[in-house]
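Now for the letters of each chain:
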Amino acid sequence: MSWRGLGTLTRAELRRTRGALSAAGLGVLLGTASLTFFLGLGLGVRATLLEQVFPIDRVELVPAQSEVGLLALLGGRSAPPGVDEQTAEELRRLPAVEALYPKLMLRFPSMARGGKEVLGQELGTHEMLADGVDPELVEPPLRARFTDPWSAEGKPCVTDAECADRDYCERPSGAATGRCSRPVPALVSRYLVELFDHGVAPAHGLPAVAGELLSHAEVIPFTMTLGNSLLGRAPQGSERRVKLQVIGVSPRAIDLGVTVPLAVARRWNTEYAGAAAAARSSSVVVQLRRGGDASRVLEAAAARGLQPKDTRARDVSVLTAGIMALLSLVSGVILLVAGLNIAHTLRSLVAERRQELALYRALGASAALVRRWVLALALTVGASAGAAGVALAWLLSLLVDWRAAVDLPAFPFKPASFFAFPPWLLALGVGFGVLSALLGAARPAWRASRVDPAAVLGRQDG
Amino acid sequence: MTPPLVVARGLTRRYGEGAAQRSALEGLELELREGEAVLLFGPSGSGKSTLLALLGLLDRQYEGTLEVLGCSPRDATDEQLALLRNDSIGFVFQAFHLLGHLGALDNVCLPAVFSARLTPELARRRGLELLERLGLGGREGALPHELSGGQRQRVAVARALLLSPRLLLCDEPTGNLDSASGARLAELLAELHRDQATTLVIATHDERLAALATRRLLLVDGRLLQDAAA
Ligand SMILES: Nc1ncnc2c1ncn2[C@@H]1O[C@H](COP(=O)(O)OP(=O)(O)OP(=O)(O)O)[C@@H](O)[C@H]1O
Ligand SMILES: [Mg+2]
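Protein chains in written order, with the working numbering: chain A, 2 to 463; chain B, 8 to 237.
There could be a bad hint or two in this list.
Here's a subset of chain A near chain B, in silico, CB distances under 8 Å, partners left out [to be verified]:
hint: 1; residue: Leu10
hint: 2; residue: Arg12
hint: 3; residue: Thr18
hint: 4; residue: Ala455
hint: 5; residue: Leu458
Computed Cβ-Cβ distance ranges for the label pairs, DEER-style [what the hints assert, rightly or not]:
hint: 6; chain 1: B; residue 1: Gly142; chain 2: A; residue 2: His345; range: 28 to 36 Å
hint: 7; chain 1: B; residue 1: Glu139; chain 2: A; residue 2: Val334; range: 43 to 51 Å
hint: 8; chain 1: B; residue 1: Ala237; chain 2: A; residue 2: Ser349; range: 42 to 50 Å
hint: 9; chain 1: B; residue 1: Asp228; chain 2: A; residue 2: Ala369; range: 47 to 55 Å
Keep in mind the hints are simulated off the structure, nothing from the lab. Cβ atoms here follow ideal geometry from the backbone N, Cα and C, with glycine treated the same way.
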């Protein structure tokens, strides 16, 4: 088998028949371009949704049939629903579980005000939601700054005025004196930041700088009033004010509200809602082992009355996967037509070249060489049209991203690019181009290898 | 004595199926030795081309036994047969079968495409030599349609000789030529046989080729009626 011969013949034929072969490749180009474009768009949008809007690398489990919301904060009589330490420990021992972190809602009313320093105007809410999470759950480098600032060595105090400039006097209800404390670090969600910058800030004529500030490791100080809100007072403890500062954006933060270190939430819950409210966590975040079987964990959780808090991520994946499948199907049809087109072109090529193929056979080409020759033509057409299609898809994506940046208004989670082109997608695009061309070429190649040199060359006409 | 180049025993080739089946060759007994120049005579349809296709390893659908250059076509792989055709067998056809889009030299060098034996440069050099020797010096760039019938057939002969075959098979090589070109080609083949000791098998109606023959075979209705030294 002469590979050099195959190369020589293929190059010669490509030069000779480039018109017809390019025309045949055009379909493959369009097919791979649309396949790559739509899959790239789907992946890009999905990545934005899953990484920014609904992260799913971990599963948060909450007690089934319970809405941990405002009413639960006010109820206070029955023990709030929660995950006790034993259940948490059982889940932690499941093989698929890498780590498990408790989360604790603040189970008493609170309010918040702040923002004057950075926004030039005070903003506040009469109803504040907050929870506490294990600092281990927070990604570095934020993790280092996300610690409970309270220390028994702090300077004794009664009012904030006795403490250093930004610090405050952490004096629990009923205590005669407190200790000066650094502001409690707080995390906010990307969702809240986007909502503020693209919703609240424009509506109030405020600078939309929250995302900007936090991305530069600035802090946003605010004060929280514990034990009282528009909807009522805490069953125990006395109303007091504490200082916090938002130190960053984290996917671990509560959507609407702030997230503080778990120890702080425990302390304040004990103070305003009783020891029982602090003992059980309101939910647990399960970090799955790489390749771990999530369904096992969900089963075990269900058996203990727990369910995933957020099914939006799954819904989003299912939805985007569905849309991508649909558009891929359309592209598949284009590629199918492209394959048929290639089949047609190669069939007439082989028919035209019967005498030539017979001559090649007589001069020393095996049937396999002739077959490979037709396949090599298809491979070249498919690969180059596929690569061109992928390149076209990429150029189109640049165009779309550019138009989107220029023409579309800023909206929450507007990504810099709507596309994602992982290497495997580019390979897939080219691969499908090659595949459709090769499938189209299969029959013509078989026919070409069946040309009977004795019958063709014996004819008297040249 | 060297072993024969070709041995055929009871060689039979049938075409068609069932009732429509008929033999193009029937029970052929034949041995060809190195250096022979065999003329294959016979009326139209007598099986000359059929025999040449079998000797040229282009056809494996026979009965009886056949050995060409030590190879039994029926038992060899397609790959082996292709290699042997490329390496050791040359073909000259009545219809020339040059590739119209290639110049004379490129046509001559075509067998080298399938050969690992000659680099493209060596093939070109040898091709030019052959064209020169066959009286086509300076015409290496000419396309087939720019050449006369006789010139085209000489290009085809040069192509058949490129890889120095041990067996040169010609099917009516003068059939499409005017008498002057035919005579010239007959001379050329005679010269080849004399100088290179190439083994020739030529199917023809052309008595002018008789001069070069060392042996004459007469086929009638697929049977070998006469096998005589010339
Ligand atoms: N592919 C084929 N299918 C069916 N019959 C065939 C085929 N090839 C040859 N034949 C038949 O076999 C017989 C021998 O044909 P062949 O071509 O060998 O004759 P020939 O001696 O070369 O004739 P000519 O002098 O006209 O070239 C003829 O009857 C022909 O019709
Ligand atoms: Mg014939």
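The hints, checked one at a time:
1. For Leu10 of chain A, the interface hint holds, since its Cβ comes within 8 Å of a Cβ in chain B; the closest pair sits about 6 Å apart.
2. Interface restraint check: Arg12 of chain A against chain B, minimum CB-CB distance 11 Å, threshold 8 Å, status violated.
3. Here the hint on Thr18 of chain A is broken, as its CB sits about 11 Å from the closest CB of chain B, past 8 Å.
4. The beta carbon of Ala455 of chain A is positioned within 8 Å of a beta carbon in chain B (closest approach about 4 Å), and the interface hint is therefore held.
5. Checking Leu458 of chain A against chain B by beta carbon gives a least distance of about 6 Å; that is within 8 Å, so the hint holds.
6. Look at Gly142 of chain B against His345 of chain A: about 45 Å separates their beta carbons, and that is not inside 28 to 36 Å.
7. Hint check: Glu139 of chain B to Val334 of chain A, Cβ distance near 59 Å, so the stated range 43 to 51 Å is violated.
8. Taken as a hint, the range 42 to 50 Å holds for the pair Ala237 of chain B and Ser349 of chain A, whose Cβ atoms sit roughly 48 Å apart.
9. The hint said 47 to 55 Å for the Cβ distance between Asp228 of chain B and Ala369 of chain A, and at roughly 37 Å that hint is violated.
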